[in-house]
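**Q** So the chains spell out like this:
2 protein chains.
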Amino acid sequence: MLTYTFEKRSGVSLYEQLYRHIKEDILTGHLTAGEKLPSKRALAGHLELSVITVKNAYEQLIAEGYIYSVEKRGYFVSAVQQPLPHSACAALPRAAGERTYELDLVTNSISAEYFPFTVWSKLMRRTILDHDTGLLRPTPFHGVPELRRAIAENLQQFRGMTVDPEQIVIGAGTEVLYHLLIQLLGRDRTYAVEDPGYGKIGRIYESNQVALRRIELDEAGLSAAALRASGADVVHISPSHHYPTGIVMPIARRQELLRWADEGEGRYILEDDYDSEFRFVGRPIPTMFSTDRHQRVIYLNTFSKTIAPSIRISYMILPPHLMAEYRSRLSFYACTVSSFEQYTLAAFMAQGRYEQHINRMRNRYRQKRDAVIDAIRTGPLAGKAEIMEQDAGLHFLLRLDTPLTDEELRRAAAEKGIRLAFLSDYYHNSAAAPQHVVVVNYSGIEPETLRRGLKRLAELWED
Amino acid sequence: MLTYTFEKRSGVSLYEQLYRHIKEDILTGHLTAGEKLPSKRALAGHLELSVITVKNAYEQLIAEGYIYSVEKRGYFVSAVQQPLPHSACAALPRAAGERTYELDLVTNSISAEYFPFTVWSKLMRRTILDHDTGLLRPTPFHGVPELRRAIAENLQQFRGMTVDPEQIVIGAGTEVLYHLLIQLLGRDRTYAVEDPGYGKIGRIYESNQVALRRIELDEAGLSAAALRASGADVVHISPSHHYPTGIVMPIARRQELLRWADEGEGRYILEDDYDSEFRFVGRPIPTMFSTDRHQRVIYLNTFSKTIAPSIRISYMILPPHLMAEYRSRLSFYACTVSSFEQYTLAAFMAQGRYEQHINRMRNRYRQKRDAVIDAIRTGPLAGKAEIMEQDAGLHFLLRLDTPLTDEELRRAAAEKGIRLAFLSDYYHNSAAAPQHVVVVNYSGIEPETLRRGLKRLAELWED
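Chains A and B supply the protein sequences, listed in that same order. Residues in the first sequence are numbered consecutively from 11, following my numbering. Residues in the second sequence are numbered consecutively from 11, following my numbering.
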């Protein structure tokens, strides 16, 4: 009969030990398919265990399919394979240790001290008190009504956009929304992105294996003529402030694109308005969404740029006929943002805290931008660099007067502890890319670091 | 010269009013392309405004592309289209008012009072204090290390799974993870799901337009023979507790499927372990992931079922070679869960609160389940219904002894205020579906409501 030894002080219950022993015997072939096991009572007597211990072990083995019982006949071993040896495991790669630079013009970090953390955490606590167990209920597929209403009111008040909260879909980042849009608009469409442009957008379409065209820009951005020639159905643009060129698409060009969209069935414009909040002069540029008369524009924006990258809340606004389609075909997808953060953001907006925060950020960024531009204009790079400004956004372009290629510049700067990104990095068709134009992402730069960095950068002209 | 009237007390600045007037004139054709505008000084004098007001209005019109300036010559109107009239807007559909039922056996709501809300909110506050502005930094693509470590430790301790935290990818719900998996494994693969099964999974594959096979189950679940015949490369299963049949896949069948996966290049098993925590007898069923020797199993689980549906945190565990591929091809996607909730859950797990919560829930659900089963066995349905139990999960099957079709039953029950779901609802191939089997999702049912509901349901046998 089955004979096993048991460890009384192992912390593992006797039932679990017996279960493991028998399982091991089955997997190693000591017990073979069809073999009859002792009765519970007999095995309990033999091993000096209680019948209930044996019963529990047998039941677990039955549940997992190692043995089976036949009424009035007893317990039998199932036909189970002996496991193969482990295959050699590929070593698991880790993230490469990120090199740190003294001056980093590539990463647009949000200065954490800009964030009204006290207000936000107060609102989080308030949300817990107000909503309590309501926070545990599933939310509507397109987000909690409070947040959609707050967004609609904000857009009405500050962007002059008239939006029904029912047109808004909340998602955990614009990347999640792109996936949904591809499903909504169709995988059989041809999508177009701007070249140069924010590389991630093209990568997402490629990763989803939809047909993708990259459209060259002229000085007014993407043209309807180029779009027509491409055969694209859906175009993804950021007309209020293009990254990295900073182009604000003029009204005539916007009208052209809207006309293009009206010409064919199933044509759409995805208006990615990602940093329109940071315009430093005049009033915000009106959106294409509000100019659109034929339900051809889908508007996208995110709170990751204005609040914090770790706050994963974005939204899109669908024209009514697309929202109806979304509701019938895609509302089975659960909303990807937890209700807790949705309620907190809704309160932050409804109390006017969001607009206050944006205004404060805008002022601080403007000051920082002015300081950075001043340091470049009056520092050791004066006469060697031309600033190409657009009064908006968290970056600007800087053309360097140098015979070095972008790669030579990048390497030489890196040796001096300075990290540079070039306009040419954002071109898919790099032959068309202008050289020596640096994209300055300034939001995380400290003035002292900048001064030291510029001094070292200027050495490149002396070497 | 341009002549406009201004509202002094409208709350709209003079600059904004002037901008609107000129824009309107351009859009209505009163000002035409190429027309020269008055100089700032001349217009200011004529309208009795300050020069700076006119300058600001002109600059905004330039920024938006309505006018342009030519050095030393002045300001000119751009070529801009007159807008077309609004197209008739499709009425925006609203959610149909959800019918409420007195007894709802379809929705598995989590009783909110089961959730340790005090602990959770304490941990949220603690997270704010501990991480402070660190909460505003972007997180690694696969989630914060603290949470991945806590998950790995929990799986080691309670499921006997040895997992490197670097193998874990956190996402805002399993639906987000499915999208990533399709991109990782490839759109050219053929995917298989269980029939019957949780309908949403098939819908997601269909919505992503990948080749999909629905595999009929036998009494042990999905078979390798059926899978081979289907030509699928990737199979999505829930072996520890199938919904809605409750089948626990026996070890022999699991081994068969693992062998199937080893036979061909690019074959994978997606093990969806969504409610394995709620097994009421014995120990948890070991996962296929831990039995797998050849890196063929991807493990998925979610906290939405165990904590709350509005907590959007799920994870997947990739075998090392797939994780390496994920890192090189898909790590450009940002993590979809906010760092705040990740840290809170990490602390909840690290302090043992999660396991405590699961144990408490398991006991409460067992009690509720026993009460529900007892009410059915001893109530007015006795003799008219057979309970098909599996000792696990938040649902069980109930076969009704009736000549009515499922649709007739559903309608008749609805008239009595009772909402029923049938096993046949979960079959894609409904011809193969057993009739009269009700899926009882019991977690949200109150005993008194159930007794009243059963009484009314029993009337169907009297009518």
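Think of the hints as simulated: they come from the structure by calculation, not from any bench. There may be inaccurate statements among the hints.
Stated by the list, open to error - Taking CB as the label site, the calculated pair distances span:
#1 Arg303(A) <-> Glu418(B): 26 to 34 Å
#2 Ala334(A) <-> Thr459(B): 31 to 39 Å
#3 Asp272(A) <-> Thr13(B): 31 to 39 Å
#4 Glu17(B) <-> Ser440(A): 34 to 42 Å
#5 Glu45(B) <-> Pro330(A): 43 to 51 Å
Note that the structure is predicted; figures quoted are calculated from it, not measured. For each residue, glycine too, the CB sits at the ideal point set by N, CA and C.
**Q** So which hints don't hold here, by number, going up?
**A** 1, 4 and 5
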